[in-house]
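There are 2 protein chains.
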Amino acid sequence: MANSVQGPKGTRDFYPQEMAFQQYIFDAWHAACRKWGFEQYEGPMFEHLEVYTQKSGGEIEKQLYAFEDKAGRKIALRPELTPTLARMVAAGGTNLKRPVRWYSISRLFRYEKMQKGRLREFIQLNMDILGMDGAAADAELIAASIDMMKTFGFTHEDFKVRISSRMLLEELFLQIGVDRDQLKPLYALLDKKNKIGNEAFTGELSGIITDSEICVKITDLFNCKTIAEIEKTGGNTDLNSLNQLKKLFSLLGDYGFSDYAVFDIGIVRGLAYYTGTVFELFDVKGDLRAIAGGGRYDNLVKLYGGPQTPAVGFAAGDVVLAELLKSKKITPPYPPRSDVFIISIDEGAYESTIRTARILRENNISCEFSLKENQNIGKQLKLANDARSRFALFIGGDEAKQGKMRLKNLVDGKEELVEADEIASALILVHGINLHCTARSCT
Amino acid sequence: MANSVQGPKGTRDFYPQEMAFQQYIFDAWHAACRKWGFEQYEGPMFEHLEVYTQKSGGEIEKQLYAFEDKAGRKIALRPELTPTLARMVAAGGTNLKRPVRWYSISRLFRYEKMQKGRLREFIQLNMDILGMDGAAADAELIAASIDMMKTFGFTHEDFKVRISSRMLLEELFLQIGVDRDQLKPLYALLDKKNKIGNEAFTGELSGIITDSEICVKITDLFNCKTIAEIEKTGGNTDLNSLNQLKKLFSLLGDYGFSDYAVFDIGIVRGLAYYTGTVFELFDVKGDLRAIAGGGRYDNLVKLYGGPQTPAVGFAAGDVVLAELLKSKKITPPYPPRSDVFIISIDEGAYESTIRTARILRENNISCEFSLKENQNIGKQLKLANDARSRFALFIGGDEAKQGKMRLKNLVDGKEELVEADEIASALILVHGINLHCTARSCT
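First to last, the sequence lines map onto chains E and B.
This note's numbering puts the first sequence at residues -6 to 436.
This note's numbering puts the second sequence at residues -6 to 436.
If we strip away everything but chain E, and leave its shape as in the complex, we get (with noise of 0.2 Å):
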């Protein structure tokens, strides 16, 4: 009995103040979502297992919380939103217009080891552009992405976008003579450089390719830290994507996010539907987890069935930008329950308060009293304190009798009294209550 308090391992639950912090997030991610052009959208929950299997191989199933349904289907819960997204654009077809714009705010499941930034569920913006190729569509959402961490007051020496290309790296890969049948491991190897370590990345890249030769040219290409170095190391260096990822610079300058965009060779990301350009939103100090990250995937689409769609996106991570914000102790105020709690002086008056609480709510005042009939009236305001309430109205008693209320701000302290007719009008124009200060979406 005792162990099921407590949810399943890595899930959490969200209390009322835990929550506001979410949904703080989640405002910020929406406004920033519509202020460019973005429109939601959501799907299922869980999608048949082949969404993923078809897409990443049967690997993806040791990570994916999988099952079969009462009919015998194999369903998983979704790990990304990204196969999703796909599917419904490719079931849409022509009929849907390009380009699809869309964002969405969405629960993931995986099943992995707990790590410092790292759940089994967790929640992620998605914002996709489809129907566009080019720099321009990837300059668009890099820019949305950067924006987005600017609304929570984050700035360049807070983190960065580290660039670079898929289509780069297969251009110069195989120039130095990879082979193109080795792209795919290499890639999955590149991908976790930074996490294995020096010797056991030589030791494995010489298992994948023996020329070594080749190995050295990789290895120094991967010590590049500029594009300029990237065109001193010789060969070719007229390459269409060097010239699409120089085009993504400058507009991201464009965008007036110069100090926010750096090349690194180093960024592969691990899934194997990236097409072009892939990006990973870092912190400066770097002691977190990838915030964000995304990139170009033009033949996922096609792959469920629908048309050819060149497409980018990227996801990012509640838990992370929690923990970001936690330690720059960015953390909103914890907003009150109800704006007014309405206290009642006399006794027997519960149908007073009942009626007082239904004019402030006809004229959306968020109000509250206690459900408990002729309470003292300390503990009445015990009540309103619990409740963070903003107002404490008090009534009954010798104002009663004189047509007023007394209303006391729980913030500061002061009193005033106000004609019992006026009470609603009063606390929206005097005090600017109103229910869109307690919506969820202002707090």
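Please keep in mind that the hints were generated in silico from the structure rather than gathered at the bench.
Because the structure is a prediction, the values reported are computed rather than measured.
Any given hint could turn out to be false.
What the hints assert, rightly or not - Here are the computed lysine to aspartate or glutamate pairs in the EDC-like style, where the Cα-Cα straight-line distance is at most 16 Å: (1) B/K55 <-> E/D62; (2) B/K2 <-> E/D62; (3) E/K143 <-> B/E52; (4) B/K63 <-> E/E105; (5) B/K2 <-> E/E61; (6) B/K63 <-> E/E52; (7) E/K63 <-> B/E52; (8) B/K63 <-> E/E114; (9) E/K106 <-> B/D379; (10) B/K67 <-> E/D62; (11) B/K55 <-> E/E105; (12) E/K143 <-> E/D20; (13) E/K90 <-> B/D62; (14) B/K90 <-> E/E52; (15) E/K67 <-> B/E355; (16) E/K55 <-> B/D62; (17) E/K2 <-> B/D62.
For this one, chain E is given, so just place chain B on it according to the hints.
Just chain B now, with coordinates in the frame of chain E:
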């Protein structure tokens, strides 16, 4: 391959227009909850299986998406939120201040036969008050459920709340000679009375209770249309449950909701855990399944190892509500994807397009532009219409030489010239454009 374009049976894909409709429902729910002084919580999307079997018995497993995770833990996707709520309140113990006034808007999953108004993945609003017993808390919660419906524009001509009491049933049944251990199967039978027809009901009833005289009394009781008729059936009517129920109806009158509240002895609720007041919201036409349902469950928090905690709550599903909204032709407009679509007149002016977007976005104005350089004006205008943008902002051309931009209202077709360096303030001050108008909470 082709079948993977569809999501799993009983789930939904929410394309942006459908998502806007969902969001309209969620926003109204959030607003209603805040107005009544409830705060939001959330839990994991799945729980240990025993969280459900413990409460409802092994039978429940038939309706669950249940599976084992890779460590052999028995897990189930949540079919309702109340067990998670009770688990969280139990875990919070006495640290959580009473009353707990919580709401949640959450996805739920039931492996059930598909029917009108019933899907396998759906979304529910849950509102609960914990830590308070008595008719006052019941009335506050039922009143909140009524007001939630009023938020959408529904009136007492559209829906009613049908109210009964498990406690009343228990007191009446024991009085006419039903054994205590017959109560549970009797509730389960009564809950499906209207679905199975009179004949099947009588048959199953005699299976539970052999004394035909008692069966007649039960049938007589269930023919009572009002509390007054119950009082006339003979027997002691000075019952605590009856007095509480009368008080509840009286309080609902104080809330101004007498026109909505109806006594209905036939409301039993299937779930075993209800201990007092039970209620369901139905459309007046009776075409649909219940819009919402709930009641008092005073023993559930204790069942999960917490302190004895009286509780009352309800859940309302999105599927039936959406059907009712559509049948009443209450549908929100499909909001613009962006407020302003920037159209470049000059060739090779992509940089200035980005710069204009940057100014608007820095002023929290939602905007976008074609991601294809040097596109002709007609095509750019088509994109603006596809995005349902409210304004087209033409930049470049002769106007640019005079330091101006042409702003076209795409709703009424009116055009005007605006000083280029005042474009943001013109949009905000003259045209009332700002992020709040496209933010999710205001659409």
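For this structure, which hints from the list above don't hold up? 3, 9, 11, 13, 14, 15
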